Structure formats: structure tokens, C-alpha cells
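Here's the letter readout for the chains.
Number of protein chains: 2
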Amino acid sequence: MMAKAPRVAIIGGGVIGGGWAARFLLNGSDVAVFDPDPEAKRKINEVIANARRALPAIYDKPLPAEGKLTFCDSLEEAVSDADYVQESVPERLDLKHKIHAAISEAAPAEAVIGSSTSGFKPSELNEKGARALVAHPFNPVYLLPLVELVGDADACAKAADLLRAVGMYPLTVKKEIDAHIADRLLEAIWRESLWLVKDGVASTEDIDEAIRMGFGLRFAQMGLFETYRIAGGEAGMKHFMAQFGPALSWPWTKLMDVPEFNDELVDLIAGQSDDQSGAHSIRELERMRDDNLVGILRALKVSDSGAGRVVANHEAGLAVSGEKEGLPVTLDRQVPPSWTDYNGHMNETFYLEAGSKATDGFMELIGADSAYIAGGLSYFTVESHVCYLDEVHEGDRLSATSQLLSGKGKKMHLFHRLYRGDGTLAATVETLLLHMDLKARRSCPPEGEVARKLADFEAAHAGHPADGAGRFVGERPGDR
Amino acid sequence: MMAKAPRVAIIGGGVIGGGWAARFLLNGSDVAVFDPDPEAKRKINEVIANARRALPAIYDKPLPAEGKLTFCDSLEEAVSDADYVQESVPERLDLKHKIHAAISEAAPAEAVIGSSTSGFKPSELNEKGARALVAHPFNPVYLLPLVELVGDADACAKAADLLRAVGMYPLTVKKEIDAHIADRLLEAIWRESLWLVKDGVASTEDIDEAIRMGFGLRFAQMGLFETYRIAGGEAGMKHFMAQFGPALSWPWTKLMDVPEFNDELVDLIAGQSDDQSGAHSIRELERMRDDNLVGILRALKVSDSGAGRVVANHEAGLAVSGEKEGLPVTLDRQVPPSWTDYNGHMNETFYLEAGSKATDGFMELIGADSAYIAGGLSYFTVESHVCYLDEVHEGDRLSATSQLLSGKGKKMHLFHRLYRGDGTLAATVETLLLHMDLKARRSCPPEGEVARKLADFEAAHAGHPADGAGRFVGERPGDR
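Order-wise, the sequence lines are chains A and B. Going by our numbering, the first residue of the first sequence is number 1, and it counts up by one from there. Going by our numbering, the first residue of the second sequence is number 1, and it counts up by one from there.
No lab work stands behind these hints, which were simulated from the structure alone. The model shown is predicted, which means the values in this text are computed figures rather than measured ones. One or more of the hints may lead you astray.
Here are a few chain A residues that face chain B, going by a calculated C-beta distance under 10 Å [claimed, not checked]:
| # | residue |
| --- | --- |
| 1 | 298 |
| 2 | 318 |
| 3 | 348 |
| 4 | 350 |
| 5 | 413 |
Quick reminder that beta carbons are idealized off the backbone N, C-alpha and C, glycines included.
Bound-form chain A, shown alone (with noise of 0.2 Å):
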């Protein structure tokens, strides 16, 4: 899928739009931006930057090299040979009609044209003869996969394939609707928060932690229906129903009503904002969101669940590959900020991490892969010795190599080499496993198809020196 990446168009940057660029960008895609902002450009590769941070430290595989960032003139040069466009200019309709007129008339026929708006249908984006479906997305756009599509079947389809193949999850949304799904879910919860602040039962700080430090670790991982089937028990979401039904007559919001939208209201809220956040420059609180989703994200990974799977999945796509001096390449990824140490570099951990992940690797190039040991059989390691030779950092590039020192019987007994992206060598993991049947808990000789393999990466491995293995902790020259 990644071979042939679609060449994209984005109309109008700020964050929204720079967000897709590096969505796109960062999953190989060729981009040509056109904003008039002369602003655009740094704006843009701002949040380029950020996504660069973040992005790749998802997946414990390398994203594809990064395409092409074009800055164009015009809207017509942009747009020209787009397999995919995406608009993000500023909420207002007569503006929208303007672009999506000129984007439908000069992109290819066969291009597919998004809008970013989060309030429009597109009844009204199309009312003037365009031909642009709603793909509204999340900000960060490059880390949070939700993208809600709405319009004509066929294009919605083939826009899902298309954001799919860029680690997102389209949400097909069933009937045009002002907002469609996830904006009429903030209002709501905007408008009663207005009013908490307004009535002084809250400051935005206090509804900030109520919301994170209770239903909001439930919103990262299952939505309210789901939630709340659990809070039902055994008994179910109709027993649920039945208790909290009654609470619809009750006045448990204030959404009856709509607070008046003054300059009062926006001091308030603009005021205790400051007193909150103020200490921190908005550069410092994306650093600190995307930190943070990085983390949720891979933490979702692990336990196979909501927008965790759809990392695993998008991750499943993505491949490593490759040799170096003659071995083969295990290992390839981007070292996530959660890997840093009090040290300030990549704790000790998780260079046994990337060796393991390595060991990973070669036991899929010699048939050992998931099949494999969902029959039955699998390497279970006996001893492990890292050599630390260089300091890793945050966002470095980490790679390894594999040699196979010995493969006989039930033995396979392996030397990674850990490169850093600037080609040093940042240490050495010498492993010894022995090959188990995962039933009974014993160790066996491996089925013939992984013998055979091991038996050739033996071979071609045998000449290649391993300075290094065979060391005791501590040993110097002549120790021995």
C-alpha cells in the first residue's frame, strides 16, 4: 500500500491543514500546499515538526521515507495531479463555495476532495456544484486517527481506503447533520461548562480535571455506551437504562438554555485559562499533549484496544527490512520520548527492548513468526548480555542487525548490533534462546522448515567476526 503513496493537495495550512500535510507526509505521500497566509510556511513546518516528534514514536517500525513537501503559487498548480485534496480554510460558507468551485474544476476527475469543516454538511459545501465530501479530522491531525466522512458512498469509500493507508479510522457517518458526530458531543459538553464557570461552581481548571481525571481515562480506551453497559453489570444496558433513564427529566444540565456569548463570559473564561495553563507557552502544551497521546497510544497498543489497534494495524502494514555489512536488518524504528531516562538518554531497558524486538525480527525471517507459535512452539530466552556503548536519544533513529552464532539443535544463539541513525554503534546484545513447546513447557528441537533456515544463516554467518560476544561483565584483555 505504502509503495505507491497518493500524491496530495492540501488547500489552506494553519494547524489543521499542517496537521494533514505531515499525516500524509510522514507516510510517504508527495504534498503541494497552497495558502495565501505568507505566514503559511513556517506555520506549517511547525506542526511538521511536531508530528516528526511524535508520529513515528507510535509504531515500533519505520513509517516509509518521508515524500515531498511543495509550497505552490495556486490553488490550480496544487490541486493539478492530486490523487487526494483536503481543504482546511477558515468556517465560513461563502468562502468554502469559492475554493471547492475552483478545486473541483481543476483537480483530475478521478481525485477525491475533502473538506475539513466541522460544521458544514456537504448539501451545503456541494450547493454551488462542487463535488467535496466531509473528511473532518482531530486535532493533532498526525496523531489522533478519528476522521468522520460524510457524503456520496462511492467517494466516502474510496476517501476510507485512502486515510486508512495513513494509520487513521474513517467514521462513515450515516445522514448529513449540522456538526455530524464528535463536535455535537463537545458543544454539549462545551455549553454546560460554559455555565458551570458562568454560575461559579467551577473554574476551567476544575472542569479540566474532572474531566481527566475521571471519565476522560474512560473515553481513551471505550466510548459511553460501552462504559456504561459495564456500569449495567451482569443485568445489562437495559437495567442501566431503567436506573439512569429517569435522570433525563431531571435538571441535571443546563441545556435547555444557552449561555449569552459576552464579553464577560469570554474574560471569565480567557482569565482562568491564564491562571491554568498560562505558565506554559502553547509550543510547551502540544509538546506535552502529544507526550502524553504518544503514551496513550502505545499503552493502547499493548493491550490491543480502540485507537491502539488501529496503530497495530496500520504498524502491521509497515516493514522492516534491508541488510547492513551482510547481515540482516531486525530492527528499525524512532525512539519515543517515554524510552528517556533521569539520565536524559534512552534508559538501559530498552536497549534490551530493541534486542528483543530484534530477536523478533529474526525469528520471522527463519519461519518463528506469530503462526508459528500460535501452533504450538516458540524460543523462550536463557541469558541476555547488553554491551552499552553510546548514549541514544529521544527521536534518534535505531536500527539493528542480526548475527546467528549458533543454530543447532535446540539452541539459537544471536549477536544484535545497535546502530543509532547517525551509523554508530550504540550497543551490542548477545542472546541465547532455546527453542520450547509452549504447551508442556519444555524445551524441543525447532520443526524442520525454521531448522533448515537457521542451519543456512549459520553458514553465512559463520565467517562474520562478533567482537564483543562471548565477554563476562567486566572482562578486559587479557582477563582471560
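Position chain B against the provided structure of chain A, taking the given hints into account.
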């Protein structure tokens, strides 16, 4: 704080009462439960079983020894010597009045009395003369930190101290209001979601995905206002409000009206929920949810943000201590679900993580603690050798002792032994570190106090055997 855990009475079991019982028990409190339901004991023990899997897994240190759980035959017996009473009976005001009258009479005068009510205000609870405050938690109570406190200021302050000591985040609501804060926001989303399903715009599953693939990930770590502050960019909160304020007058929500709560709506929602989640039992869903929450909380602990900071603060008050076979215990913890791999046991990486944390524990013992590191001095690992001796599983207690093989000059040569809860030696981790000047990134001898303590440990550990240290990978008797 943990030394004198409060005695707790739980009035009303079920999911919420059981969650409270678990939160206190696992933090060392003796807990007395009263619930006339003959099923209460079974139900509460099921919740506690879930909590034992999950709560200790968010910490890298051990919780205090579990308190004693008692089921009482009367409310009076349960509350008679309680420091803290938590009521979680059904949401009927007449029932709450009856129960709180009895609690206020039978509990010690200085006891703090909380109610889990999601809807009633303290003035309503106490209108017949009781002295309760609202202490409204969120499910699962043993994992989510938020508890909303409403009522008498002194009682709220006392409750806040007590709840912080069990790892919760008390949020004191400035004014009493129906449904407090978080449930007002949830009710707003709930009402809007019911409309979307009723009107055929989205299914229950669509809405759950719209939440967890997008803004749910934001809500787990920043709330509403901080997220929107970022969306406003450098122009700030006023700019954001100017942009989105007008939407308040648009028909973006159905909130001016409430859907009729009838059988048709219940059947529609319950049917869609069955389609969405019916493949899993509630117990399975609970474990999936808890694994996700544990992973998210651990990720946020690493990025020191939101609920993760609450976990970190609580953990800072927990202690690893003791000796085993003449060696200091430097690690003691429960194995979280995320440490398990495709072989159905703790992945090799986490043996080294445990060894790394044991090194941190030993560093604290010699005074090379966080203050020392902040002063610019630390240790970097040069080599580590792990011998895997036995399998470790999710939920196992894992501890380590540390033996100093050599602490001369810049070197610190440690030999950690990892033990499973059943006493089995699960692994050894031999590790060599060098003392470093963090600014110069160069090795240097440690400062006086640290060097002295190292010398003391070296002398004390000199006679201790260290079988398994000094070996090379794959070494067998007679190899040297």
C-alpha cells in the same frame, strides 16, 4: 501516612461500594461492610478480585499489606469505630435519609461520612439532620482518581486528606448543584448521544468510536479548556472563543429538547449495545477496561501528567524495604498485564527493567538519589547480563535483592537476584555501572558520602556467594 490507615465502613455494596472497599483495603485499611443483600459478599469479592489485578499494577512499588475485610450484620456494627464511612446505597432520597440518620447516630462523632450520590446535594442528604458530605467517585473506583467533594468545608478538607492518602484526586466543588460537575457533562453527552441514535445518524458503536478514536484520547490527559487553548494557538483562548463562540447560537446540538424515554428508545439502544459488545461478558469487558486503564495510567505516569502525576505522588509515599539473606531488598512490585508477551509470560525486557529499578533502589541506599542526580552526578550502565531462570506471570509479586560485588573508584558492580512471590529465584541481573558527571558526559569518582556507603556495602557483601555472576553467555561448567 500508610502506617495508620483509617478504619473504614462501607454501607451498601455493589459495584461502587465494592470499588470503595477495594481502594481502601488495598491501601491497608481495615474495612467493615454492611449490605443487607445476600449477594453482597460475592459481588464485593468480585470487585476486589478485579482491583487486586489492576490497582497494584499502576505502581512500581508495593502497596501496604492489605487490610482486613469484615461483613457486618448491622449498619451500627459496621460504623461503630470507623474513621471514615462511605455510603453507596441506591439513589432514593428517602432511603438516603434513613441510612444517613442511622450513620450519623452510630458513627464516632469525629468520623467523616461520605455519600457516593451522583445526583443529590448535601443540603438534600442532610435535610433530616444528618452530617454527610458528597464524595462522588467514578467507576472503577479502585482505578480512577477523581472524587467530587461537596459540603461542609472542614469535613471536605478532612475527607480530601484521607482520600489523597489512598491515591485519589479529591475535587472540591465550589457550590452545591444537582449532579455536581462531571455527571452534568456526561448527562449532556448522554442526551445528545440518545438523539443521534434515535435519529439514525449514528449507532452506539459509531458514537463510542467517535469518542475513543478522537477527543477521548485528548480528555484522558488534558481536559476541555486546555485542549481548546492549544487549538487557539499563540493567539490564545480569546481567539479560540471568538472563533467558536458564535456556534453557541447555531443548532449544533439537540439540547433544547430531551428525547422521550420510552421502550422503543431503550430497545434501540440495548439492541445496538448487544451488537457492539455482546460478544464479551461484563467480566471480560471489565478486565479489558482495567488493562487499558492500567496502561494509560502507567503511560501518563511516565509523562508526569494528569492522573499519572497522582499515581506518581502516591507512589512516592510507598516504600521498598527489608532484607533477604543478608542483602537489601531494592525492588518490590506486582507484574502489570502489559509486561506479558506472546509466550504468555513476562517478556525478557522486563527482567532487565526490574534489574534497572533495583539499581535505582540501590542508588537510593547509597545516597545517589534524585537530589544527587539533579546535582549533576549519576551512574551510567556499561554492561548487563541477565540469566533467565524461571517464568514470571502477570499479577506475580516480583522482588529483588542487590549485592555489591565491587564499588571501587568509578565502578559500581552489582548482582541483582529477582524473586517471584513464591520465593523462586526467577533471574539474576549482573550489571556494571560507571559514575558520571552528567554535564561533561564523562566518568568521575563519586562524592564522599556515596563513596563511603559503597565501601561499607562492599565490605558487608564481600563474603556473600554470587553464583551466576562473572559468566559469559552460554558458559557451562568446565568451559574455563
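Status of the hints after comparison with the structure:
Interface hint at residue 298 of chain A: satisfied, since its Cβ lies 7 Å from the closest Cβ of chain B, which is below the 10 Å cut-off. At a threshold of 10 Å, the smallest CB-CB gap from residue 318 of chain A to chain B is about 18 Å, leaving the interface hint violated. A distance limit of 10 Å between C-beta atoms decides the matter here; for residue 348 of chain A the minimum to chain B is near 4 Å, and the interface restraint holds. For the restraint placing residue 350 of chain A at the interface with chain B, the shortest Cβ-Cβ distance is roughly 8 Å, inside the 10 Å limit, so the hint holds.
Look at residue 413 of chain A: its Cβ gets to within about 6 Å of chain B, closer than 10 Å, so that hint holds up.
Violated hint: 2 only; the structure is consistent with all others.
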